[in-house]
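J.: Got two chains here, separate frames each, mind docking them using the hints?
Quick mapping for you: the protein sequence lines, in order, are chains S and H. Here the first sequence is numbered in our numbering, starting from 61 and rising by one per residue. Here the second sequence is numbered in our numbering, starting from 22 and rising by one per residue.
Everything labelled a hint here was simulated from the structure, so no lab data went into it. These numbers were taken from a predicted model, which means no experiment stands behind them. A couple of the hints might just be wrong.
Claimed, not checked - Just so you have them, the derived chain S footprint on chain H, three or more residues with Cβ under 8 Å:
1. 138-152
2. 192-201
3. 287-295
4. 330-342
Ideal Cβ positions, reconstructed from N, Cα and C, are used throughout, including at glycine.
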Amino acid sequence: MTEVLAGLVAPFADIASSPRFFAEVLIGGVAAGLMYSLVALGFVLIFKASGVFNFAQGVMVLFAALTLVGLIERGLPVAVALALTVLVMVLLAFAIERIVLRPLVNQEYIILFMATIGLNFFLEGFGEMVWGANVKRLDVGIPDTSFKVAGVLVNRLELTAAVTAAVLVTVLAVFFQKTRIGRALRAVADDHEAALSIGIPLKTIWTVVWSVAGLVAIVAGIMWGAKSGVQFSLSLIALKALPVLILGGFTSVPGAIAGGLIIGVGEKIAEVYWGPLVGGAIENWFAYVIALAFLLFRPQGLFGERIIERV
Amino acid sequence: MIYREAGQFKTSYAADQAIFPIVQDRVLVTLGILAAFVVPPLVANEYWLQAVLIPLTIYALAALGLNLLTGYAGQLSLGTGGFMAVGAYAAFKLATAFPWLNILVVFGLAGLMAAMVGILFGIPSLRIKGFYLAVATLAAQFFLVWLFNKVPWFVNYASSGTITAPPRTVLGVMVTGPQATAPVRYVAALGVLALFALVAKNLVRGRMGRSWMAIRDRDIAAEIIGVRPLRTKLLAFAISSFYCGVAGAELVFLYLGSAETLAFDITLSFLVLFMVIIGGLGSILGSLLGAAFIVLIPIFLTNAPHHLGLALPVALQKQIELMVFGALIIFFLIVEPHGLARLWQIGKEKLRLWPFPH
Chain S
61 MTEVLAGLVA PFADIASSPR FFAEVLIGGV AAGLMYSLVA LGFVLIFKAS GVFNFAQGVM
121 VLFAALTLVG LIERGLPVAV ALALTVLVMV LLAFAIERIV LRPLVNQEYI ILFMATIGLN
181 FFLEGFGEMV WGANVKRLDV GIPDTSFKVA GVLVNRLELT AAVTAAVLVT VLAVFFQKTR
241 IGRALRAVAD DHEAALSIGI PLKTIWTVVW SVAGLVAIVA GIMWGAKSGV QFSLSLIALK
301 ALPVLILGGF TSVPGAIAGG LIIGVGEKIA EVYWGPLVGG AIENWFAYVI ALAFLLFRPQ
361 GLFGERIIER V
Chain H
22 MIYREAGQFK TSYAADQAIF PIVQDRVLVT LGILAAFVVP PLVANEYWLQ AVLIPLTIYA
82 LAALGLNLLT GYAGQLSLGT GGFMAVGAYA AFKLATAFPW LNILVVFGLA GLMAAMVGIL
142 FGIPSLRIKG FYLAVATLAA QFFLVWLFNK VPWFVNYASS GTITAPPRTV LGVMVTGPQA
202 TAPVRYVAAL GVLALFALVA KNLVRGRMGR SWMAIRDRDI AAEIIGVRPL RTKLLAFAIS
262 SFYCGVAGAE LVFLYLGSAE TLAFDITLSF LVLFMVIIGG LGSILGSLLG AAFIVLIPIF
322 LTNAPHHLGL ALPVALQKQI ELMVFGALII FFLIVEPHGL ARLWQIGKEK LRLWPFPH
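The shape of chain H in the complex, shown without the other chains (with noise of 0.2 Å):
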């Protein structure tokens, strides 16, 4: 009844071609990214910023960079985690050696390292498909975090090993460093991602997307109809993965305040790979949804026996979790292989309808 688009007539073709065509979409948006920016600042306390919103924004944003390059370019990699190790410590180094450089322009950089790294690895998806890639990608992850544990000039000569984020403001608010608070860098971390996903989202709409996906759903015949590979596939790869290496500077500076290569390794690129499968392959929402369902489920499951009232040892309940975000796992797959982001659209088709049947 309220969602209905009847009576919106499109007089331009900058009106067809909006993002959102929909009045109402537009409005609903709007209203959530606002509500975004202003209402967990104020309402949230520290440990759900902290927890959980944080690192929701953090690994939306590269939950959104592995789906542009398996979702949209079909190409599955599980080099996701190297290429955030390779941000993060681009943005550690840049940061340390250049104090005065804007902490939003080393991420930035920082992205652009990722970027170039992503190319040198994406070369060998030319040649190798499918599982085959995937495993080649797992090169990229253990290489890169090998040389990160390994040269210590990438930690600065540290004799922990560690990368910590060194304090810098943007407008005069601390952002990054001990004394920045969550809200501020909540805020941050929200205003990249808003910043990408629109780029994102421009992106997939335009040539380049649309060359990507001929290159997913038939490589030979895009090529036969004129999309180049070789400039696609490496578009997609350095794409992707200036995302991820944002994502990950912003994990170390904006999360963690310091980290080893410990946070980067495998298990990260399985994270984010579980955040692009279950929100939906090929989906910018669904990234976000995905994102959102991989960071609440451990919240969750650990925090349920507690209000339930059981009290269960420390490594059994580890245990269970385990199991039951495994089982999770398996069973969304099969109730909904496409991913949150179908349910998101048929739960839209039924609104347009509703209250009618038909």
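Okay, chain S solo, but in the shape it has when bound (with noise of 0.2 Å):
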């Protein structure tokens, strides 16, 4: 009884006798959130336009972080090095289009999805061999330290990620409504046979989509190689942003960034005020109960695109 008692109620006493320390870890979790949405862009950008669950994108961001970090330790300067960066990640879109995209064309999804993760494999051998498999620092000038706004710590690091994220957003918003490319993006999306027959090339459309998968990649790769270090580990951040992916809804641009808020924010409550009584390392696995939660209520996740089914 007492064991119940301090699960249901002593967590909520903590978080009103210290509101202060509860704000930051609030902050701490929309910090978060966003640096998995940041992830999770890539996985909807590709799954919107070509209907492939790309399970690559997290190595993706390891390898754009790893040539980035790479490309700097020779002694390139910064600007240099990230354009350089893009070039590679602009290739290796049409690469993956040409050899792995184009002969499985009108596959079962699952089919394709394998071959993404096929792709794992073969980028993060690659990767390593290319730049070597240590751990690497990647210093963007953002000081991993904190300051106080209204008593209430936040990290610049974060703070900085936060706003990527949201001029990432709003930059691909605009791309997606406004542009010429967009516009073809979201026929493609809506449906192939349609958008082919008024004359979208569905192979360019995709090394499109491919490299703005890239390039949001690379944005991911700063933020989390600045954060905690370019290394393997970074390719893993891939499972933390599937359950975002599932709560936001697989085509949902919007999703990901709600998507990444609430199971940020619900993550880091969790693990600090219920954690320390199931023996902490919740964090592995909560997401997913949270994403499975939303799931029960809407199958399609938050935003996605509501499933009509017809026999």
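T.: Written as structure tokens, this is what we have:
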């Protein structure tokens, strides 16, 4: 009985007794959530346009970060290194479209999913072979220190990440809504065949989408790399982004952000207030439980397209 | 010429419904199974049994289980590692709590335990489909592994956090534990696999398999013609998890000897899924072929540079292995998306006509 009481009452008492600490936890959660969103965005872009569930997005983040750090270590100025990384990711998109996707057109979704897992293995080995497997530091010139706003500690790096994510989403939204290519992308996402029949080149669109996902991967790679170093474990954040993805819906950019925020905040609060009761380290699976709880009520995610089924 | 069914008439329904209606198939499969039981224990050395054949039979069982769920019932699952962990830890708890219990019974009970957990985590499948479900099953994977890691009761409060297979005998022969020889463990694993493969083959030919396939192909249509989705999907999860649970128990008891939760992490789930896809979705034979492929490829890749006379640094070799493995998977998916089982089928068709072109 005391344990039940400890689980149900004590954490809320903690929250009530120190609202300032709670605010810090909340801000930490929001920041972490936006970092997840950055990764989830890459998934959404590709799924939206080509229906491919790209499991290799996590490794693309790692690969982008490795390339950037590797080039900077070779003595190149940051701007040049960044430009070269962008070029590498675009080339990668071309290669993936040509070598992996094109021969697999019209295959079942699970086959394409498996192919991206194969890609995942390949890129992981390739990235480490070219740039080395040791942990690298990525210094983007933003100190990982905190300052106080109204008595609440805020981390500079996390703040930067949040702003970056916001900017990125805005740019993507404008890109999707206002530009010619963006409209074509939405058309392809809506109906492949109809898009083809009015003259939208599917191959180009896929290359563009994978390139954009590569660019998002660079941003995510910079942010995550600055936070926790560039190393193999970076590719595992894909697993953290998956619950964000299903919570927000596979096809929704705002969903990726909202999902990230819900998961980030929920996870942090659970970890800080309930974690100690069950022995900690619940971050690994708690996100999935939150996502699952939401899915039971909305099977297509919060902002996903409504699934209409016909016989 | 040799492989031809001309002149083989069926005079009863039983003969028509046989698993292998063609005599040549029957002879070949019987010989193959006999050879699998007799030849390796006599011929193969310790390395081959321990590094190749034992893991192969165990993974084949897990792949069989996942193929029932994903290939036949169409429910994509990434929780295989978690369900295998349930089997392993249940077997460990049962074997240490009831030392007099026959180890094969323990495997069966461990499978039942995994089946119950499978039903629990299969419930979302009634509402969630496709990739949403795949990600949801990851919840099972992470939660179960975390649970076994965190609760010391599961490892009998061992400070190392590992579970170790206790020595047990079947019919007076040591099957598990450090004294059990590799040939005995191989035969035990193969026996279980053969039995379970037979059961699976009959399951998918019968009413249950048909309702699974109906759900897979078009679930709403299946529901309209009277297939109950609740029962069918949960049964698929239960039976699949049963297979995976037994495979997990075997993994610790017959192969590894002792294990931590790390042995059951997400990599294992993906590995088994690869076996199913490479082997062929919705094919019993495919599960076995896929397991053989995925077990043999890394061994081949590890040994190839050595035989070619190349001395590569360990790290580099590891990275090249990863690259080649990934590239091979993509290559196979492009060349034959329906898996090795389809290749086998094409070969059989060709053989029927041989030596004539039509």
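J.: Could you check the structure against the hints above and give me the numbers of any it violates, in ascending order?
T.: Hint 2 contradicted; others consistent.
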